[in-house]
Amino acid sequence: MSPAPTLTRPGAAQISALQHEHGRALFGFLLTLTHGDTQRAEDLVQETLVRAWQHPEAWDDEHGSMRPWLFTVGRRLAIDARRARLSRPQEVEAEALEQRPAPEDHFDTTAIAIDVRRAVGSLGPEHREVLVEVYFRDRSVAEAAQELGIPTGTVKSRTHYALRALRQGLPGYGLGA
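Using my numbering, you'd call the opening residue of the sequence shown number -5 and step up by one each time.
Worth flagging that the hints you see were computed from the coordinates, not collected in a lab.
C-beta atoms are modelled at their ideal positions from N, C-alpha and C, and glycine is treated no differently.
Don't take every hint at face value.
To be verified - Cβ-Cβ distance ranges computed for the label pairs, FRET-style:
1. SER81 / ARG111: 44 to 50 Å
2. SER81 / PRO50: 27 to 33 Å
3. ARG70 / PHE101: 47 to 53 Å
4. GLN48 / GLU15: 55 to 61 Å
Let the hints inform the model, and build the full structure from the sequences given.
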């Protein structure tokens, strides 16, 4: 049994000739596969030529032309690159991040809601029911008066005193004096 022949890698002149002969066609083919992304197509051409240099068996004269081999390797590299890109989260440019609004901090709104609920709970039932009708159910003074069965002047008075009590019960919220 004779030993397998040792294959030598092609030299720079051979790779240059290969690129000169098939580079433009390979680039056009890969440009189509990358949907017009010239940078990716150029990278794939370069990687294909590196593969040609790494695989001296591809240079065997029995193939006649390297073009089918180059196109097959280039297509497989394009498929692999696409799969790798799709398996990673999409990259976002820094510019897009700067334009995105900051996420809401729900802690502050939750804390305010708790404070307001406690302050409203500390009011007497008459003042609390007037505020519920006017502010939480968004009724007019006349509608609240009709719903509660009291005069409109009483709704106004109770609203005034309830809000004043809330201002005192919620210091630090800038509700005024």
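We went through each hint and held it up to the structure:
no., hint, result
1, SER81 / ARG111: 44 to 50 Å, "47 Å, holds"
2, SER81 / PRO50: 27 to 33 Å, "32 Å, holds"
3, ARG70 / PHE101: 47 to 53 Å, "51 Å, holds"
4, GLN48 / GLU15: 55 to 61 Å, "19 Å, violated"
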